[in-house]
Amino acid sequence: MLEIIDVTHTYGAYQALGGVKLTLAEGELVCVVGPSGCGKSTLLRCVAGLVQPTGGRILLDGVPVSQTPDNLAVVFQDYSRSLFPWMSAAANVALPLRRKGMDRASRRTAAMEALEQVGLAGAAGKYPWEMSGGMQQRVSIARALAYRPSLLLMDEPFGSVDAQTREDLEDLVLRVCAHHGMTIMLVTHDIDESVYLGDRVVVLSRSPGTVAGDLQVSLPSPRDQIATREHETFVRLRAEVGRLIRGNQLSPQET
Amino acid sequence: MLEIIDVTHTYGAYQALGGVKLTLAEGELVCVVGPSGCGKSTLLRCVAGLVQPTGGRILLDGVPVSQTPDNLAVVFQDYSRSLFPWMSAAANVALPLRRKGMDRASRRTAAMEALEQVGLAGAAGKYPWEMSGGMQQRVSIARALAYRPSLLLMDEPFGSVDAQTREDLEDLVLRVCAHHGMTIMLVTHDIDESVYLGDRVVVLSRSPGTVAGDLQVSLPSPRDQIATREHETFVRLRAEVGRLIRGNQLSPQET
Amino acid sequence: MRTRSTRVLRGAVGVAGLLVAAELALRAGHVTLLPLVSTVLLRAAELTVDGEFLSAAASTLASWAAGLALTVAVGIPIGLLLGAMPKVEAVVRPLIEFLRPIPSVALIPLAILVFTEQLHLRAAIVIYAACWPVLINTIYGLKDVDPVAKETLRSFGFGPLAVLVRVSLPSAAPFIATGIRLAASVAIVLAVSVELVAGGTDGVGVYIIKAGGGGRTDLMIAATVLTGLFGLLVNVAFVAVERKVFRWRHAR
Amino acid sequence: SGSDTGSTSTNANGPEKTTLKVGILPIPDAAPIQIAIDKGFFKEEGLSIDLSIEEGAAKALPKVAGGTLDVTLANYVSAFSIQQAGLGKFKIIADSFQAAPDTFVIMVAKDSPIKTPADLAGKKIAVNTLNNIGTLAVTQTLKVSGVTVNPSQFVPMPLPDMAAALKNGTVDAAWMAEPFISINQKQGAQKLVDSMAGPTADFPVAGWGVSEDFYNKNPKTVAAFQRAVAKAQQLASTDRKVVEAALPKYSKIDAATAAVITLGKYPTTLNEGRLQRVADLMTELGYLKGHFDVKPLIAAPSTAG
Amino acid sequence: MYELWFSGPVTHVFLTDDALDTFPPSLGRLLVGWVAASLAGIVLGLAIGRSRVLSDFLDPVIDFGRAVPPPMLVPIFFALFRIGTPTQIATIVFGVIWPVLINAVDGAATVDRQHLETAKVFGLSRPQVIGRIIVPSAMPKIVAGLRLSLSLALIMMVISELVGSTSGIGYRLMTAQQNFLITDVWGCIVLLGVLGYLLNSSFLLVENRILGWHSRARQNA
Ligand SMILES: Nc1ncnc2c1ncn2[C@@H]1O[C@H](COP(=O)(O)OP(=O)(O)OP(=O)(O)O)[C@@H](O)[C@H]1O
Ligand SMILES: Nc1ncnc2c1ncn2[C@@H]1O[C@H](COP(=O)(O)OP(=O)(O)OP(=O)(O)O)[C@@H](O)[C@H]1O
Ligand SMILES: [Mg+2]
Ligand SMILES: [Mg+2]
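Protein chains in written order, with my numbering: chain A, 1038 to 1292; chain B, 1038 to 1292; chain C, 887 to 1138; chain D, 31 to 335; chain E, 3 to 223.
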């Protein structure tokens, strides 16, 4: 569904991406991990059509991405700046739904439902600046989920929530993904999380980022917070990813 | 050194803190964990004198905190907004050092040193908006560390960096803390991290936040990323903290 | 990216388009009483080498520069003060709002009685009119500063003054600059208007009075056009400086 | 006040103040001062003159009172009004300009239905200033034609704008002075009636004013100024060419226009009786409250030569 | 001044006939001119602020127009429209549009990039981006411009009434000046101050409604 072919990006003279090659199949959830500043956000922004790659091509369903593709949602890393301070949480979530031609009432219902899913049923009327960091982040997740995109890009979406909420949100994303057949590209710093969530884990190398490893996660679905994490494959993959990030070296399997 | 006595805070009609009681000894590193939106950031802001508690008292070295105390540094949860976009990373780090009466050259040296410690030696001349999320977060950590405060408040300081960098930063904080005898209050969502770093872990209950648990971490110093995390006490405490957050119930030990 | 030359070219096309449209409208005979655009432009070109006009322009320039400099020197500190202290602002707001809508034109006859020095009179009137954009934009600019940025510096133990100077001022600076840019044009307008109303030994406004006395509408409009052109140049200069200084703002 | 700034002569017989700031209007009324400068009459008296272009007597006289100007050209109607309003005490030290036939005219558009002054009843008439010489002359002129003008018929606007106002029908008639009469005539506007005829014939228009304070402190300067101006008045009243040559130097009336415009008279003496006539008409039409004696304002040259 | 305006009968809320004749037409023109200028300024400003091409083409024209003294344009408007209400409104519009326009350009040009990217990603339509992102973002600045221009409108109202008018506050001010009625001149000035104060106070009420989120978001601590 999504083909990223030798994509490079340079900011002025600084090369952030050094030729990334990556393919996502329809309905796949791919986790992207890599050291800080290696170009993960840049890659996501390229896919979202927010910046033009300086080299390479990105194809979505075979068509080159030149503008922002249709039916896309993004959870930005800088979530607090991506919420609109003049709108309540519910309004922030409901806004993109206008694009779907939904009427006022159903927009409202969908927004409330999404907020409830992220545990913010009571905060629908709050403004972003009346919310804690974790709450803001959850609003921006709710906004993306309520939109039901076919391609969902998430940049460190659970960085500001507590462990319990994080697990709940992880499972929520897995559920929604499976149920609506979304394709998801999720950037995370948590190795456990990447293995737990992903159908595949892609490791980017130090800047300029290239694909240093691409691991298939063959864990049984549906995943379970306790059982999956105790699974032998999980433990092995986790170590593998860790080694890839640390050493930037390829695992024996792939050489 | 720091006494938080029955502190409450209400935003308008909404009660965020419901009477927090907490004492920090000189040189202690206390980690605060708790569910999203429970009032951790609010508590930190009260201690920093940025908001006035609506009830209770905060004493620093026996003196009530009415304004921002001297010799304090804060790493804000919303790090990207706390960096000044019109200044380079080095200038951002160097700015607070003016308060210390340092001259230009030594401010510069100190800033460069701190940036190097957080792995940003090469990015000193970059502006915040030219940096990735994790890099911005590290700049704000460098700024706080370079300041050498006697009380350091950190709100989710490692949320946006990769696992490897995170460990490095954790150890950096431990080293600096030990070396300069800082008192640190650190909010985190990572239970492992709270146990790894803290001399004590304080668990706040769901909003309005109160202290639901206060665990002494009797792990040997200096901590070590591998050995400590394998330590039996570590495993026990981690489970304990997890249980406290999840259930908000007190552990058998404390009842 | 677009280059400076395309910008200049497009700007020139915009101005030329306006002028051509005006010329055609005039030639079509809808407004026979105004001199043709081409006539005015010719006169304007002549004025740029006319010694009398140039000395008039120099005099106007002096009162403009003096007025604007004082406006900035007075307006920004007061704006900072009021913006930083909402309580003080609430107290003096009625006074400001009372003074603001009083036309300087109405004050000129009274100012004539107070100022005997021509430059003082002109600068005073310029300041009176031009300080409001600086003041209001400074106050609004300060209100727009990110509280997290302010708290950051406060948490490091900086006092209100340091926060004002190191965070609020730089962060509001772009908006204040816009206010100054507005004020610069207001100052031009007023520097000429005060001459028009109060007369004097020289100045563009005085030149226009003379042209009016002789029924030379073409010269009046030509002088006006040159005034506008000066405003254009001033603005280009301001924008260029703003672009350089506030690069962080557009890149963000 | 600041009237004694500027260079002061040490010569006991010379003028107290040698550099004078003089307010003028860029209209034919002020021609003699330019002549006096050009011919060196001021220099002969030890005076040097700084000309300041004024927008009107109403602004110039307060400047004289305040000391920004030493002397100004002022129309008598303004001068008397200001004096009575108590905004300053003035002395008229020389006469300058007096109406002649066709120097102040009520004009109408080319194809205007208005053919006689009587047609102006209830019509809108443009004047450059309200409650001044224009309204005074128009009111008096129409009174002769049996029309009583209501003050609200007057529409104030600058002289250069009147052509447009006539053309697009904003006003029905306009009271104009030279050079606008000539200019508008060229564009097709018509003279309806001379406003300075009959009761207003030879109407005194403008003279030179100083503040009483200045007058008292600088008698020799005033006398020197009077002598210089008198010589110029003499020339102006006898030789039109001199005036034509002077006009383009202080105004934007070009030589071609200067050659064709109708000029008023440049009186050589300051006559109390003539000025009293202005005051009396002002009183009659309600511009002044009660009788106004011009005598205290008059400061004619001590020796008539 | 008191006698001039406020000694009228109780039934007219103490305003004299004179005042009743003078105020409504003046204020009517002021409001029409201000609203027209504000709308034009906001629309044009947003367009220019968001479109480089448009800003390239129009910036010089605008900067030129800004520096032209409005009194000098009265004769031109006058030749174009006819003296009276149209010319006066044109003068007011021309005089007060600049602060709104410039601030709107500034506000629209500096919308937080992250906001725009969010809107883009969710595929908001052009009108939605303008109406729901750009306008609210630029609103604090636009409002500062509106506030500046409101008092300017009062000033331009006076200026527009100085030429070719036979009624209005500006006309009263001018006749008072030309008749050397100094107390009346002061009366007019005080009246303008009071009117300006009242207009501004009403404006602040509206501003509080529109920008409530902004001041509360910016207060925080
Ligand atoms: N400015 C404000 N106005 C109103 N309510 C606020 C404001 N700031 C915070 N709150 C509320 O206070 C509560 C505590 O917020 P706080 O930011 O302290 O939470 P937190 O523990 O830091 O959460 P997180 O882990 O998500 O950052 C939240 O429910 C939030 O909605
Ligand atoms: N606007 C910009 N201008 C210049 N350089 C930039 C800009 N944005 C990012 N960079 C640089 O590009 C590199 C990659 O940035 P990016 O934000 O993609 O990293 P990241 O992988 O998302 O890191 P993190 O995990 O810390 O968020 C960084 O080194 C950063 O300094
Ligand atoms: Mg990133
Ligand atoms: Mg928080």
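None of these hints come from the bench; they were simulated from the model. Just so you know, even glycine gets a beta-carbon here, dropped at the ideal spot from N, CA and C. Incorrect hints may have been included.
Each computed DSS-like pair below joins lysine-lysine, with the alpha-carbon atoms no more than 27 angstroms apart [stated by the list, open to error]: (1) B:LYS1163 - B:LYS1137; (2) D:LYS73 - D:LYS325; (3) D:LYS216 - D:LYS271; (4) D:LYS247 - D:LYS119; (5) E:LYS122 - A:LYS1137; (6) E:LYS122 - A:LYS1163; (7) A:LYS1058 - E:LYS122; (8) D:LYS250 - D:LYS271; (9) D:LYS153 - D:LYS197; (10) D:LYS325 - D:LYS247; (11) B:LYS1163 - C:LYS1130; (12) D:LYS89 - D:LYS271.
Estimated spans, in silico, between C-beta atoms of each pair [stated by the list, open to error]: (13) B:HIS1216 - A:GLY1284: 43 to 51 angstroms; (14) A:GLN1089 - B:GLY1284: 27 to 35 angstroms; (15) A:GLN1104 - B:VAL1100: 58 to 66 angstroms; (16) B:ASP1107 - A:ASN1108: 30 to 38 angstroms; (17) A:THR1047 - C:ARG1133: 50 to 58 angstroms; (18) C:PRO963 - E:ARG115: 42 to 50 angstroms; (19) A:GLN1089 - E:LEU200: 48 to 56 angstroms; (20) D:LYS69 - C:THR934: 31 to 39 angstroms; (21) E:PRO129 - C:VAL1131: 53 to 61 angstroms; (22) B:ILE1042 - A:GLN1089: 54 to 62 angstroms; (23) B:ILE1263 - C:LYS1130: 49 to 57 angstroms.
Partial list, derived from the structure: chain C residues whose beta carbon lies under 7 angstroms from chain B [claimed, not checked]: (24) THR892; (25) PHE984; (26) ASP1030; (27) VAL1034; (28) ARG1040; (29) SER1041; (30) PRO1046; (31) PRO1056; (32) ASP1104; (33) PHE1116.
**Asked** Can the hint on C:VAL1034 be confirmed by a CB-to-CB distance to chain B that is less than 7 angstroms?
**Response** Result: holds, 4 angstroms to nearest chain B Cβ.
D:LYS73 and D:LYS325: Cα distance at most 27 angstroms? 31 angstroms, violated
Below or equal to 27 angstroms on CA atoms is what counts here, so check E:LYS122 against A:LYS1137. 14 angstroms, holds
Q: For the range 53 to 61 angstroms, tell me whether the beta carbons of E:PRO129 and C:VAL1131 fit it or not.
A: Cβ of E:PRO129 to Cβ of C:VAL1131: about 34 angstroms, so the range 53 to 61 angstroms is violated.
Between B:ASP1107 and A:ASN1108, is the Cβ distance one that fits in 30 to 38 angstroms? 54 angstroms, violated
(Q) Given a hint of 42 to 50 angstroms, does the C-beta separation of C:PRO963 and E:ARG115 actually sit inside it? (A) 32 angstroms, violated
ask   = CA of E:LYS122 to CA of A:LYS1163, is that 27 angstroms or under?
value = 24 angstroms, holds
Just to be sure I understand the hint, the distance between the Cβ atoms of D:LYS69 and C:THR934 should be within 31 to 39 angstroms; is that true here? 33 angstroms, holds
Decide if the proposed pair is consistent with the structure: D:LYS250 and D:LYS271, CA atoms, cutoff 27 angstroms inclusive. This hinted pair is violated, its Cα atoms lying about 31 angstroms apart.
- Item | Distance restraint hint 50 to 58 angstroms, applied to the beta-carbon atoms of A:THR1047 and C:ARG1133 | 19 angstroms, violated
Report task. Take a quick look at whether D:LYS89 and D:LYS271 sit within 27 angstroms of each other, Cα to Cα. Result -> 31 angstroms, violated
| Holds or violated: C:ASP1030 as interface residue toward chain B, Cβ cutoff 7 angstroms? | 13 angstroms, violated
The earlier numbered hints that this structure contradicts are 2, 8, 12, 13, 14, 16, 17, 18, 21, 24, 25, 26, 30, 32 and 33.
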